[in-house]
Amino acid sequence: MSAALRTGTESFLARFEGLRARLPGDLVARQAAAEAFRSAGLPTVRDEAWKYTSLRPLADNDFREALTSVEGGSLPKIPAIEGPRAVFVDGRLREDLSSLPDTLHFTRFANDPSFGTLSRPDQQPVVALNTMLAEDGAVISVAEGVDAGTLVLVSLAAETEGRSVTFHPRHTIRLAEGAKLTVVELSVGRGRYLHNPVFSIEVASDATLTHIRLQNEAMEAFHLATIYATVQSRGFYDAFTLTLGGQVSRAEFHARLVGPNATVHLNAAQLLGGKQVGDVTTVVVHDAPNCASRQTVKNVLTDKARGVFQGRIEVERIAQKTDGYQMSQALLLSPDAEIDCKPELQIYADDVKCSHGATIGELDDDQLFYLRARGIPEQEARSILIRAFLDDALQSVSHEGAHALLEQAIDGWWQRQSASAA
Amino acid sequence: MLEIKQLSASLEDGKVILNGVDLTVPSGEIHAIMGPNGSGKSTLSYVLSGRDGYEVTGGSATFEGKDLLDMEPEERAAAGLFLAFQYPVELPGVGNANFLRTAFNAQARARGEPELDAVKFLRAAREAMKRLAMPDDMLKRNVNVGFSGGEKKRNEVLQMAMLKPKLAILDETDSGLDIDALKIVADGVNALRGPGFSALVITHYQRLLDYIVPDRVHVLSAGRIIRSGGPELAKELEATGYAPMVADAA
Ligand SMILES: Nc1ncnc2c1ncn2[C@@H]1O[C@H](COP(=O)(O)OP(=O)(O)OP(=O)(O)O)[C@@H](O)[C@H]1O
Ligand SMILES: [Mg+2]
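So the protein sequences, as listed, match chains Y and V. Here the first sequence is numbered in this note's numbering, starting from 1 and rising by one per residue. Here the second sequence is numbered in this note's numbering, starting from 1 and rising by one per residue.
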C-alpha cells in the first residue's frame with residue numbers, strides 16, 4: 001500500500017478510536033470491522049476489485065468529523081421533487097427538514113443501530129469503514145401487502161469552511177411480502193467531503209422496491225456507496241443510478257436472487273467531465289431458478305473523465321433457467337476520455353441464458369449533420385444525441401417525478417458542460 | 001434565389017467531385033438535375049447544405065445574395081434552405097414529433113419568430129401528415145428508425161411541409177416510392193409552389209417530372225453541368241440515355 005493510503009487508513013482508525021465510546025450499537029461488530037479495515041486498508045489499484053478506481057485522492061485529504069449541528073451553515077438546495085422525505089445533513093437525520101409518510105415504519109439508525117447480516121465488512125474495506133464510523137441512517141420497513149408510495153431520501157453535505165468532513169450513513173430497507181416502495185435517493189452537497197453510505201435491502205416474496213439514485217455530489221466530493229440487496233420469490237429490486245458528481249465515486253451493488261422468479265434491474269448512467277472518475281460495480285448472484293437480471297450501464301464521458309463498469313454475474317448450480325443480461329455502452333466525447341469495462345460471468349448451472357456486450361463510440365457525424373441541416377444548432381444537436389443515447393436506460397425509470405428530476409439533472413449537466421467548453 | 005458560380009469541390013483526400021458548376025435558380029422556379037450515378041448530384045446538395053468532409057476549392061454559392069458557403073448548416077436551414085436527403089438518417093432515441101418541433105422552433109428562434117407550443121405544433125403536424133397519407137403513429141416513432149424506404153422519403157417531405165423552406169433540394173426523393181406515394185410527394189412539393197419557393201429536384205426518372213413540371217432541366221456529368229434545357233430535355237434523356245450527351249461534352 002502506498003504511504004498516502006496507509007496514512008489515510010490510519011487516520012480513519014484513529015477517528016474510530018476517538019469516537020468509539022459515543023458510537024451507537026454493537027461495538028463488537030464495529031471492532032471487527034476496524035480489524036478488517038486495519039488489515040485490508042483503503043483499497044488500492046492492486047486490489048482486483050479496485051483495479052480501475054484509485055482512492056489516492058481520497059487518502060490525500062485531512063478529513064474530520066462532521067459537526068454535530070450546522071448552525072446557520074448554508075445548505076445546498078434539495079432538488080425539486082414532490083413527496084414525503086427523510087433529509088440527512090452530513091449524514092445525520094434532520095427531523096425539522098423531513099416529513100415522513102405514515103405508510104411505512106421509519107426509525108433512525110442512531111436509535112436502532114443494527115448492522116444486519118447482509119453486509120460484508122470483511123470483504124469490502126469501504127463497508128468496514130462505514131461499519132466502524134456509522135452514526136445515523138434510515139431504517140425503513142414496509143408491512144405485508146402495503147403500497148407505501150414514494151420516499152425521498154436526501155443526503156445534503158453542508159458548506160463546511162475549510163473542513164473536509166466524512167459521513168457514513170447506514171441505511172436499511174425491508175419490504176415484507178407483497179409490499180411496494182419507491183425510494184428516490186438524492187445526494188447533493190458543497191465542498192470537499194466523503195459520503196460513504198451502506199444499504200442493506202431485503203425484498204420479500206412478491207414485493208417490489210424501486211430504488212432511483214441521483215448522485216449529484218459536489219465536484220470535489222467522494223461518494224462511495226455499497227448496496228446489498230436480497231430478493232425473494234417473485235420479488236423485484238429495480239435500481240437506477242445516475243452519476244453526475246464527485247471527483248471519485250463508486251456505486252457498488254451486491255444483489256442476490258434467492259427465491260424463484262425474482263428479478264433484479266441494476267441500470268445506471270454516468271455523465272462525467274473534467275478529471276472525474278465514476279465507477280459502477282455490480283455483483284449479481286442467481287441463487288434460485290427462473291430468475292432474471294438486467295443491467296444496462298451507459299457512460300457519457302468528456303474531457304479527461306474516466307468511467308468504470310465492472311459487472312459480475314454468478315449463476316449457482318441450482319439457478320436453472322436463469323435469464324441474465326448485461327450491456328455496457330459508452331459515448332466518448334473527447335479523445336482523452338476513457339472507459340474501462342470488465343464483464344465477468346461465472347456460470348455453474350447448465351440451462352441458462354446469459355448475455356453481455358459492450359460498445360464504445362463517438363457521436364455520429366451523419367446524425368449530427370442531419371439535425372443541423374434541419375436548423376438545430378450544433379450544441380443542441382449534440383445534447384439531443386446524448387439524450388438519445390441514454391434513452392433506453394432512462395426509459396426504465398417509470399416514476400414520473402423521478403424521471404423528470406433525472407431529465408433536469410441531465411439538462412443541467414449538459415448546460416454546465418457546454419458553458420465550460422465555451 | 002440560388003446562384004452557383006464555377007463551384008468546385010473535392011474530398012479531403014483531394015479527389016475532385018465538383019468541377020465548376022454553374023447554376024442559377026430564380027425565385028419561384030423549380031429546376032431538375034439529372035445525371036449519371038456518381039456524377040456529383042448528392043455532393044452538390046451536401047456542399048450547398050454545409051456538410052463536413054468537402055473542400056470548396058473554387059467558385060461561389062449565394063442564397064438570396066448571402067454567401068451560403070460561409071454559413072453553418074443550421075444557419076442555412078434557418079435562412080430557408082432545406083435538403084431532403086437521398087438517404088435519410090435514423091435517429092434512435094429521438095422521437096419524430098419532438099425532432100420536428102425542435103427543428104421548427106430552432107429555426108423560428110434564429111429568425112426571431114414566435115415558437116409553437118406542443119399542442120399547436122401537433123395539430124399542424126397531423127394535418128400535414130394527413131395530406132401525405134402518413135399514419136399518425138409515425139410521429140411517435142423514433143426518427144426514421146424501422147421506417148421503410150418509402151416511409152423515410154415521405155418523412156422528409158413531411159419535414160419540408162412543416163419547415164416551409166424557400167429553397168428545397170430534393171435528392172432522389174422519388175426513388176423507392178410507389179406510384180401513389182409519388183403523386184402524394186409531388187402534391188406536397190406543388191403545394192409549396194409559388195413566388196417565394198424554389199426547388200432543385202434531383203432525380204433519375206422522367207416520371208417524377210410529369211408530376212412536378214420543372215422550369216428547367218440540367219444535366220450534371222463528372223461534376224459539371226453539361227446541358228440545360230426545358231422539360232423536353234428530360235424526355236430526350238429518357239429516349240437516348242446520357243452517353244451521347246456525355247460524349248458531346250467531352
Ligand atoms: N465521402 C466520400 N468518400 C469517397 N468517395 C466519395 C465520397 N463522397 C462522394 N464520393 C464519390 O464522389 C462521386 C460523386 O458522388 P455523389 O454521391 O455526389 O453522386 P451522385 O451523382 O449523387 O450519384 P447517385 O446518382 O448514384 O446518387 C462518386 O464517385 C462517389 O463515390
Ligand atoms: Mg446521389
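Since the hints were derived computationally from the structure, they do not count as laboratory data. Errors might be hidden in some of the hints.
Claimed, not checked - Calculated Cβ distances over 10 Å to all of chain V for the following chain Y residues:
# : residue
1 : 77
2 : 366
3 : 372
4 : 374
5 : 385
Said to hold, decoys possible - The following label-pair restraints were derived from C-beta to C-beta distances:
#  : chain 1 : residue 1 : chain 2 : residue 2 : range
6  : V       : 119       : Y       : 345       : 43 to 53 Å
7  : V       : 204       : Y       : 347       : 24 to 34 Å
8  : V       : 149       : Y       : 365       : 15 to 25 Å
9  : Y       : 411       : V       : 148       : 56 to 66 Å
10 : V       : 137       : Y       : 407       : 17 to 27 Å
11 : V       : 14        : Y       : 335       : 24 to 34 Å
12 : V       : 12        : Y       : 418       : 20 to 30 Å
13 : Y       : 400       : V       : 204       : 43 to 53 Å
Built from N, CA and C at the ideal position, the CB exists for glycine as well.
Here is what the structure says about each hint:
no. : hint                           : verdict
1   : 77                             : holds, 28 Å
2   : 366                            : violated, 5 Å
3   : 372                            : violated, 4 Å
4   : 374                            : violated, 4 Å
5   : 385                            : violated, 8 Å
6   : 119(V) with 345(Y): 43 to 53 Å : holds, 49 Å
7   : 204(V) with 347(Y): 24 to 34 Å : violated, 55 Å
8   : 149(V) with 365(Y): 15 to 25 Å : holds, 22 Å
9   : 411(Y) with 148(V): 56 to 66 Å : violated, 34 Å
10  : 137(V) with 407(Y): 17 to 27 Å : holds, 24 Å
11  : 14(V) with 335(Y): 24 to 34 Å  : holds, 25 Å
12  : 12(V) with 418(Y): 20 to 30 Å  : holds, 27 Å
13  : 400(Y) with 204(V): 43 to 53 Å : holds, 50 Å
In this structure, the hints that do not hold are numbers 2, 3, 4, 5, 7, 9, in rising order.
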